[in-house]
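2 protein chains.
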Amino acid sequence: MIIELQKVLNNEIPLTNAIGICVEDYTDNAIKISAPLENNINHKNTAFGGSLYSISVLAGWSLLFALLKENNRQGHIVIHESNIRFHKPVNGNIIASCQIDDEIALNRFLKIFDRKGISRINLTSTIQQDGDDAVIFKGTYVVHK
Amino acid sequence: MIIELQKVLNNEIPLTNAIGICVEDYTDNAIKISAPLENNINHKNTAFGGSLYSISVLAGWSLLFALLKENNRQGHIVIHESNIRFHKPVNGNIIASCQIDDEIALNRFLKIFDRKGISRINLTSTIQQDGDDAVIFKGTYVVHK
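Residue numbers (numbering that gives the first Met the number 0), protein chains in the order written: chain A, 0 to 144; chain B, 0 to 144.
It cannot be assumed that every hint is accurate.
With a straight-line cut-off of 30 Å between C-alpha atoms, the simulated BS3-like cross-links for lysine-lysine are [said to hold, decoys possible]:
| no. | chain 1 | residue 1 | chain 2 | residue 2 |
| --- | --- | --- | --- | --- |
| 1 | B | K87 | A | K115 |
| 2 | A | K43 | B | K68 |
| 3 | B | K43 | B | K144 |
| 4 | A | K110 | A | K43 |
| 5 | B | K43 | A | K137 |
| 6 | A | K87 | A | K137 |
| 7 | B | K137 | A | K137 |
| 8 | B | K110 | A | K110 |
| 9 | A | K110 | B | K68 |
| 10 | A | K43 | B | K6 |
| 11 | B | K31 | A | K68 |
| 12 | B | K6 | A | K87 |
| 13 | B | K87 | A | K43 |
| 14 | A | K31 | B | K137 |
| 15 | A | K43 | B | K43 |
| 16 | B | K115 | B | K68 |
| 17 | B | K115 | A | K6 |
| 18 | A | K144 | B | K43 |
| 19 | B | K87 | A | K137 |
| 20 | B | K144 | A | K43 |
| 21 | B | K68 | A | K87 |
| 22 | A | K87 | B | K137 |
| 23 | A | K43 | A | K115 |
No wet-lab data here; the hints were simulated from the structure.
The task is simple: from the sequences and hints, build the whole structure.
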């Protein structure tokens, strides 16, 4: 799944190559994707907010891609709305984590997708720096057939 | 100002080169920046959400950069928090517009900056598609000395 996801991201969203996106891990409904600071540096030698957003939104997108596949569904995943807070600068390797802890919410999401052909789900991605949440991203994704 | 801004963006945030950011216009407290769809395409042949966010956040950043300069202030501009809504897909040249209509809010922002050395301002960037707002970005920027 990790290799497939990496290929999909790099082929279908070419900017992920410039960002240096790397799918690090996918296990137990949780995903980690990373990117080097160097590709994403800003005027303050920390990570550019647009890069942090891109990596965060892709973590959620990738998690949904993998979960749909594992649950034998096919759908188009799009981001509909999101909020991102930058609590502190990121000045090292950028790693965004996204997971679904709520098995009930996931099942509800899939049930509605099956019935209506369209469903939405809220996901949170975080990027840590020195043990703290430096970036908190909350996105509403829509998946449709 | 347009040439200076273009140079600053390309030199200090290298990802803007991959995105293809172009400062189109700056006049009367309003800025337009663009990027070609090609550099920012996604799996659905429309603009990638991370690119739309990056272009929107940079429109606000660039407007503040220009306004500070024109008002003889120097400061570091950072994005603190933002919300972005994707109302419809963008499938052509991407143009983000950001402006400050409220002269009173601008003066209050500058006054607080002078007094406290730090100030915040809310800005809205929009990206249109076929005459409608396809993307609405609302960001809170912090400027500090």
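Evaluated hints:
1. For the hint pairing K87 (chain B) with K115 (chain A), the CA-to-CA distance comes to about 20 Å; that is within 30 Å, so the pair holds.
2. The hinted pair formed by K43 (chain A) and K68 (chain B) meets the criterion: a straight-line CA distance of about 18 Å does not exceed 30 Å.
3. With a C-alpha separation of about 43 Å, the suggested pair K43 (chain B) and K144 (chain B) falls outside the 30 Å cut-off, and the hint is violated.
4. Restraint check: the Cα-Cα separation between K110 (chain A) and K43 (chain A) comes to about 46 Å, which exceeds 30 Å; the hinted pair is violated.
5. Taking the CA atoms of K43 (chain B) and K137 (chain A), the gap is about 22 Å. The hint holds against a cut of 30 Å.
6. Between K87 (chain A) and K137 (chain A), the direct Cα distance comes to roughly 17 Å. Compliance with the 30 Å bound is thereby established for this hinted pair.
7. Taking the CA atoms of K137 (chain B) and K137 (chain A), the gap is near 15 Å; set against the 30 Å cutoff, the hint holds.
8. Of the pairs offered as hints, the one joining K110 (chain B) and K110 (chain A) is violated, with about 54 Å between alpha carbons and a cut-off of 30 Å exceeded.
9. Distance restraint check for K110 (chain A) and K68 (chain B): the Cα-Cα separation of roughly 54 Å exceeds the 30 Å cut-off, and the hinted pair is therefore not satisfied.
10. Using a Cα cut-off of 30 Å, the hinted pair K43 (chain A) and K6 (chain B) holds, with the two alpha carbons roughly 16 Å apart.
11. For the hint pairing K31 (chain B) with K68 (chain A), the CA-to-CA distance comes to about 40 Å; that exceeds 30 Å, so the pair is violated.
12. With a C-alpha separation of about 26 Å, the suggested pairing of K6 (chain B) with K87 (chain A) holds against the 30 Å cut-off.
13. For the hint pairing K87 (chain B) with K43 (chain A), the CA-to-CA distance comes to about 33 Å; that exceeds 30 Å, so the pair is violated.
14. Taking the CA atoms of K31 (chain A) and K137 (chain B), the gap is near 27 Å; set against the 30 Å cutoff, the hint holds.
15. In summary, the hint linking K43 (chain A) to K43 (chain B) is not supported, as the alpha carbons are separated by about 34 Å, beyond the 30 Å threshold.
16. A hinted pair counts as satisfied when its Cα atoms are at most 30 Å apart, and K115 (chain B) with K68 (chain B) qualifies at roughly 18 Å.
17. Of the pairs offered as hints, the one joining K115 (chain B) and K6 (chain A) is violated, with about 49 Å between alpha carbons and a cut-off of 30 Å exceeded.
18. Between K144 (chain A) and K43 (chain B), the direct Cα distance comes to roughly 13 Å. Compliance with the 30 Å bound is thereby established for this hinted pair.
19. With a C-alpha separation of about 19 Å, the suggested pairing of K87 (chain B) with K137 (chain A) holds against the 30 Å cut-off.
20. Our distance criterion of 30 Å between C-alpha atoms is met by K144 (chain B) and K43 (chain A), whose separation comes to about 13 Å.
21. Distance restraint check for K68 (chain B) and K87 (chain A): the Cα-Cα separation of roughly 26 Å lies within the 30 Å cut-off, and the hinted pair is therefore satisfied.
22. Proposed proximity of K87 (chain A) and K137 (chain B) is supported: the alpha carbons are some 19 Å apart, at most 30 Å.
23. At most 30 Å may separate the alpha-carbon atoms for a hinted pair to count; K43 (chain A) and K115 (chain A) exceed this at roughly 47 Å.
Checked against the numbered hints given earlier, this structure breaks hints 3, 4, 8, 9, 11, 13, 15, 17 and 23; the rest are met.
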